[in-house]
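Student: Working from the sequences, and respecting the hints, build out all of it.
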Amino acid sequence: MSLKLGVPSKGRLMEKTFDWFAEHGLTLRRTGEAREYAGAVVGMDGVELVLLSASEIPRELAAGRIHLGVTGSDLVREELSDWAAQVVELAPMGFGHADLIVAVPKAWVDVETLDDLDAVASAFRARHGFRLRIATKYHRLVRDYLRAHGVSDYQLVDSQGATEGTVKNLTAEAIADITSTGETLRANHLKILRDPPVHCSQATLFAARGADWADERDVLRGLVARLGLALPAELLREV
Amino acid sequence: MTRAEAIAAELLAGMQGAGAQPVAADILQPAETLLDLYGEDIRARAYVTHDPALGEMMLRPDFTVPVVQAHMRDGAEPARYCYSGPVFRKQERAAGRAREYLQVGYEVFARNDPARADAEVFALFARLLAGHDLRPVTGDIGILKAAVLGLETSARRKAALMRHIWRPKRFRALLERMGGHGPLADARAELVAQLRASPAQSQVQEAGQMVGLRSEEEIRARIASLLEDAETPAIPREQVLALEGLLSLAAPARQGLAEMRAQNWAALTPALDRLEARLDALDEAGIDSTSLPFEASFGRTTMEYYDGFVFGFVSARDDLPPVASGGRYDALTAVLGQGRAIPAVGGVIRPETLAALEAAR
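Chain order of the listed sequences is F and X.
If you're matching positions, the first sequence starts at 108 in the numbering used here and goes up one per residue.
If you're matching positions, the second sequence starts at 38 in the numbering used here and goes up one per residue.
Hints are computed from structural coordinates only; laboratory data are not their basis.
Just so you know, even glycine gets a beta-carbon here, dropped at the ideal spot from N, CA and C.
Heads up, some of the hints might be wrong.
Stated by the list, open to error - To give an idea of the interface, some chain X residues facing chain F are shown, with a C-beta separation under 10 Å as derived from the structure: (1) R130; (2) R200; (3) A244; (4) G249.
Tutor: Rendered as structure tokens:
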């Protein structure tokens, strides 16, 4: 057996993850040929590197098929129900920053806050006969956020990509999506509401509560010490 | 047969004995109706599935909607219905409450004497649950609505508050804003100052390309209403306090009624008369209204359709859901009946909770 560490298999997220581990004294590298998804942890026995799509890492953590995993904090909160019961945050990693925000057309000069959005949703429904549509792929996070703020008379419509274009295409009135610079929003004539974002996401190292830790305790302690991290007391009890 | 199923059968027989006609409802319900009624939140609470021909469907989260629909389609008046069967509720936590549980319910559709119908349902539930150690609690959303309508403020503000009666946190935030305080009031003042700076038309045009279905006319209409609202005086402090006092009222029903009467709040009088008529009817039905608990805010956080009398029967166990709950939902029948409405009151009992209480004895 070995402790399985899941990391993103591609792109900047993978590079940044490798950089972060290197800065914390642990070298990760890909093995095999360039397109082969295989990797290794250099100089640390008992840790197996698993390369995965970042979007699958929450699910693998929840199932306990990997012990540790690197993915966006937004994905964990969106994909796992009661996420804190399933995973523990070991370290925010300081990259992959993106805010999940609600945006409306810039032309809506009468809307700056969720308070306004709620009033507009009510009027919109009365006028158009259906609930104001908000396009997003973050259904759970956005619904919880809007419920917490008492927004009503809206509906979420699923958008898995090019979400900023849905308003212009008349398939939604507003959107909830991840943004880092706001560039795409501006290009699509949208503006962000002034309220705090739905979630401020960043790449995060998570531990799976449900993984089989029986033979991995010492490896975990060694790994965490090497990375200069503290093992949360709650996880210490479980592992 | 499990103990809960046996309890459900007994309860259903008791309801039939009270004159109710048993009705059935499909487990698969069209999602659209439930979404229109309860809003997007219902997705977090009901199981959604997809039918290749009929589109989005939900496993019924309760019986009220299909029973009301059936009555509106072909019911005679007055009517009494009862039913028993499983309902389904999503739970976020793995070890959360039951996802599938029985509901036994009783609904009365009657145009005359709402006080008597309210009392009939409550007294029946009290009788059916008499063998268990439960605390009844009652409330009246109609009094809250009357209080909101009685505020000295614009129709627009009253409508905004009415819309959120069932969301206490949002209601409080709105009330605070309309009283001229708090973060929402500050944000609103800033927006209004911005909108006053130049004519609406030029503001919209300067903001850039119009995108989306919401038209410039709609935007300008809201700007006009925002500017008008900014001229509306703040809701007087003493009225906000009176409303908050009302919301926190909890007392035996007769005493609660006397306390509300003593406020001399004229707008409440018709609603308080209705409460008094109900308490009289409850007395007649053998319920002691001098000791019956009354909480003005009870029923505000349940699914938003009760608009008058509300009640519940709860055990001392806080790990268990309420044994029974119910109330009056006149407005819901208007929505589902597309204009045709009939006053309705009813409630449900959870046999599994009763079985769990029995087992612990």
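Student: All hints are to be evaluated individually against the structure, with a verdict given for each.
Tutor: Do the hints match the structure? See the list:
no. : hint : in the structure
1   : R130 : 5 Å, holds
2   : R200 : 6 Å, holds
3   : A244 : 5 Å, holds
4   : G249 : 4 Å, holds
Consistency note: the structure conflicts with none of the earlier hints.
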